[in-house]
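The listed protein sequences derive, respectively, from chains A and B. For the first sequence, my numbering gives the first residue as 1, with consecutive numbering after it. For the second sequence, my numbering gives the first residue as 113, with consecutive numbering after it.
To be clear, the hints were calculated from the coordinates, so they are not data collected in a lab. Nothing here was measured: the structure is a model prediction, and the numbers come from that model. Note that CB positions come from ideal geometry on N, CA and C, so glycine has one too. Mixed in with the good hints, there may be bad ones.
Stated by the list, open to error - Covered stretches of chain B (in silico footprint by chain A; criterion: 3 or more residues with CB under 8 Å from a CB of chain A, positions within the stretch not fixed):
(1) 154-163
(2) 166-176
(3) 215-226
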Amino acid sequence: DQQVKQNSPSLSVQEGRISILNCDYTNSMFDYFLWYKKYPAEGPTFLISISSIKDKNEDGRFTVFLNKSAKHLSLHIVPSQPGDSAVYFCAASENTGNQFYFGTGTSLTVIP
Amino acid sequence: NAGVMQNPRHLVRRRGQEARLRCSPMKGHSHVYWYRQLPEEGLKFMVYLQKENIIDESGMPKERFSAEFPKEGPSILRIQQVVRGDSAAYFCASSSQTDTDTQYFGPGTRLTVL
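Start from the sequences and build out the full structure, keeping to the hints where you can.
Structure (structure tokens):
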């Protein structure tokens, strides 16, 4: 039972343009969401997070948007750079728990 | 700047053998989490440990798998009598006592069962 879903397995974007990665979840108890970036042969690296009391969090080129009513979050990267090419995982957790539920990942390719 | 360390990075075992995966958390972190990533899937939570205690093992298979985080030394994920379906990447993450919301991941151990 996949509680966090990333329906796009891959995405290609031109350098300088915006990358939008999407994530949907089913568990209304989730109240903390994170995005991780993963390069081949490495562990996931924390990128940005958002709690359910907010609908937007920004950190440099990265912005995460949360739409609680739609149970949807997205990661915007602008401008996209070739070094952003990686697999991006969305993760969520409940207030009472410590485990993260991960999506299956979206492989982003930024074309120079 | 020692992050989360895992060893070995690659482990090959034959069916029926035991696999031991080690994880040294980031300095100052007392919480350890183990995740498994099967091919074409996201990371799946297995177990959450603090020093000498298993806090949540709801994601751990009931048989053959065990985990520990002793007072001294790394956390160990142990898989007995491995089967082909255990082939996966196993990631360890750690967090501090004051910020359990942010987990920092190690590079993973890729287990291949022949």
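message: Of all the hints numbered above, which does this structure not satisfy? Sort the numbers upward.
response: none
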